[in-house]
Amino acid sequence: MDIRSQVAMVFHLDKCIGCHTCSIACKNVWTDRKGADYMWWNNVETKPGTGYPTQWENQEEYKGGWMVKDGKLQLRLTSKGKFLQKIFHQPSLPTMDEYYEPWTYRYEDLFNGPEQDDQPTAIPVSKVTGQYIDIEAGPNWDDDLGGSPLYARNDVNLSALSEEQRLQLLSIETLVMFYLPRICNHCANPACVAACPSGAIYKRGEDGIVLINQNVCRGWRYCVSACPYKKVFYNWSTGKSEKCLLCYPRVETGQAPACFHSCVGRIRYMGVLLYDADKIEAAGLKPDAELVTAHRDLLADPNDPAVIESARKNGVTEQVLQSARKSPVYRFVKDWGLALAPHPEYRTFPSLFYVPALGPVTYSMENGVALNPTSTEEIFAPLEQARLPMSYLASLFGAGQEAPVRYAMKKMLAIRTWKRATEVGDVDLKVALAGLREADCDPEQAEAIYRLTSLCSFEDRFVIPASHREQAVEVLTNPLERKGAAGFGFREAPQRGF
Amino acid sequence: MLTNFLFVGFPYVALVLAIVVSILRFTWRPFSYSSLSSQFLETESLFWGSSLWHWGILWVLSGHLFAFFLPEAILAWNARPLRLYLLELTGLSMALLALVGVVALIVRRFTDRRVKVVTSPLDVVLLAVLLYQVASGIDVAIRYRWGSAWFSTNAAPYLWSLLKLAPRPELIAPLPWMVKLHFLSGFLVILLLPFTRLVHFLVVPIFYYWRRPQVVIWNRKGLR
Amino acid sequence: MFPRITPRQVLAWAVLAALAPMLAPGLAAQDAEAQFRKSCMSCHTIGAGRKVGPDLKGLGQRRPHEWSTKFIQMPSAQLDGGDPTAAALLREFNGTRMPDLGVTAAEAQALVKLIDDITAAGKTLGTAAIARAATAADIRQGQQLFMGLTRFASGAPACLSCHSAQGLGGFGGGRLGPDLTGASGKLGVGLVSAIENPAFPTMQGVFQKTPLTAEEAFQVGSFIKSLAAQPPARTDMAFPVLGIVGLVSGMLLAGRLGRRRFRGLRRNLKPRA
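Protein chains in written order, with our numbering: chain A, 27 to 524; chain C, 1147 to 1370; chain G, 861 to 1133.
Keep in mind the hints are simulated off the structure, nothing from the lab.
All values derive from a computational prediction rather than experimental measurement.
Cβ atoms here follow ideal geometry from the backbone N, Cα and C, with glycine treated the same way.
There could be a bad hint or two in this list.
[As the list claims (entries may be wrong)] Partner residues are not named here, just some residues of chain A that face chain G (Cβ under 8 angstroms, in silico):
| hint | residue |
| --- | --- |
| 1 | Thr80 |
| 2 | Gln81 |
| 3 | Phe114 |
| 4 | Pro117 |
| 5 | Met122 |
| 6 | Asp123 |
| 7 | Glu124 |
| 8 | Ala163 |
| 9 | Arg179 |
| 10 | Asn183 |
My request is simple: use the sequences and hints to build the entire structure.
In structure tokens:
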């Protein structure tokens, strides 16, 4: 038993309104630099859609994640023996064309244009070359199903659907979409860490945040391809790779990351998860059908004395253990079974879990009166009648298994009905209760879920133990010794080359 | 006088600078050690340029290094003319590959609009010197051929004499000028090494072969 | 660290440092006998008979010192300047010109003194040429040695490494040095001693350490002499052409190995129904 703590996350997709405030927050804090302009460490995709970079879920082409080969876990990208042969030209590297070429507009032309007959225009210019650019793509080019014959219809997850389901999904009367905000998942078994030839990427022991040491990175660019979620980005100006830091300077002081803090829909939860590192390899070797369960089994009960003892041996502090006991993430993932990891079949064991979008309420009406469910069959009918087929969500969250998705959706439907019964009163309490039971729930749990989903405060959503890293730094160096310094980061500017 | 400058002074300065500046740069400017890969900006012509260049030049350089460390072995191998021809032919093919590669890289660097933007003046200088080095090497290999033999007899002892701090420039001073220029631009590459992106070959990640896949670093415990 | 020292400054100092050895004195004046062995012995002896050039024993008695010193320094001055002694010598020795060997005035004086000293002491310097006639076996052995099929006793490199000649198989010989097919015509009697004690600067670095024996030199000389009537070896294009064949195969191989590389996805997306 090798218990470590991980700062973990839950995104509740029912609450995401696709406003992209999270993306802008991260962009303004971290990635508005030359070379990082095309990076969106946080991006929001529309599903069905191809996402950013285009069709990132297509591991046949992009070669991300792990696979089981001869009973062992191996990176899909390359084996250890062959990696050096590909170092001169990494054969699976996506280029800027797969993301987009960042651009801006020549606004000065509006003011400084010469006298002319026509109005001055601000032409789009590339932020890479500074020259006129014919805009072909952006970071959310297919937002809200834009260009769906080209993008939404090439969604990799659609291959899990039957032909009929696909046609129905994308015909205008039965359109459906939801938003999928994505950041680095700070996985328990990161492929990026394993792929870096110079060992520049590492996972921090105390909080599980995965970072890239900018002084060690040599730009071999294996990590970019190895990450199956494509959340490691190559900085074309400095020649180094960068990725989401989970705003570790904020997390270390107990604050939520910028994207979490700024989320308008308040969909984001952050809490501590304790996990057993010894079980990771065995879990990775399980067949696809067992991956969701294997991942959940990695997570340890913070109230179990054996777990607490092992954690203490690893140096996990009391503060962290206390946070683990109050962790909203643990409740969503382990206690309630509502939150699922994206694409478990990549075998990286993400620390970010999604509560699948339940979708709009479906009702029948008769003579202007809503027909409420009168039996459990009627409660759960919307599941099968949903515009978004279960197989789509299974492909996205269940490694092809519908059972865990169905469990989560059933529970949420049951709770919705239960709350209707208790708050509005036009659903029979007995029926609602029966529905709860069928969904493996009870009124107490339903209430807890309701509070944490709908009535949660900042402190409910973010239970982050401060690690007071500044105290560790102060032991070694005086952060104020250079006037104007903040005590962190480089002493020289990160400039390209010598 | 000129001989002393070119074949004693200049090589020593190049070697010392290459070693000292590389080490200092690694210690105090580790951020600057990067391959500065531009594959993200353009990948298709880089495949031809980089693959051909690197495979070709590594083969050729290994040959030079082998002849430097074991000149007697080369002479023994060359004792049979057929083996000599085979060695020279392999070297020539590899050098031609490297030539095609470096030309492709140069063309790419000046014509692709994205790659142009990330090109520094020293990059251009380095490419020019490397192109000259490969081209002159091919010229020498053809025009003054069986270089594997006279490298082992003349150049290897000269290089060793430099390292033993008892330089014997008279060993290569009488060679044709094309050969001497090839030597000199070789030392120019060594001189340029710590000031350009060439440092990336000093940090080739051979350690990856035996590194365990996951890297977990604890603040208090270091690498665990 | 070094906040005020820029890479440009380092380069500037480096250039200055590299110029420093220019101030060093030239290659130390060698002792006269070593120089005789290096520069003179291929064509002259002192007291062992004539070779390419005359036996130098008693030079001091035959010619004025001043003339000898000037001649050693730059023979071309006398040979082309119409000096009658030089012209007579040229006729006597088959029109073989003594080459300018870059000997300084001081070195020439030392050499003249050396010749006087050895003459006075009654010693000899240099070996006499082997006088017997070459046999077919000598010629065959010479060819083996030339091509490297038989290695020289001292481990010296084969002549093929730098020289070509007619009658060598395959791609032919090296081209660092001149083609030797007509060498016996040029050097005449001095061919064998030129092989045994080469005065050519490029060869000296090698053959001082690993010289040929007199017998080996004779055999190689015999082989070369046997080629005398033939035209020089043709310059062949086989080597570069085969190199290009290697290049094309290499490129084809590279293309094949990289055939499954990523070639772009977004731009290749096709609209689907």
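Here is how each hint holds up against the structure:
no.: 1; hint: Thr80; result: holds, 4 angstroms
no.: 2; hint: Gln81; result: holds, 6 angstroms
no.: 3; hint: Phe114; result: violated, 10 angstroms
no.: 4; hint: Pro117; result: holds, 4 angstroms
no.: 5; hint: Met122; result: violated, 10 angstroms
no.: 6; hint: Asp123; result: holds, 6 angstroms
no.: 7; hint: Glu124; result: holds, 5 angstroms
no.: 8; hint: Ala163; result: holds, 6 angstroms
no.: 9; hint: Arg179; result: holds, 4 angstroms
no.: 10; hint: Asn183; result: violated, 14 angstroms
Hint violations for this structure: numbers 3, 5 and 10, all remaining hints satisfied.
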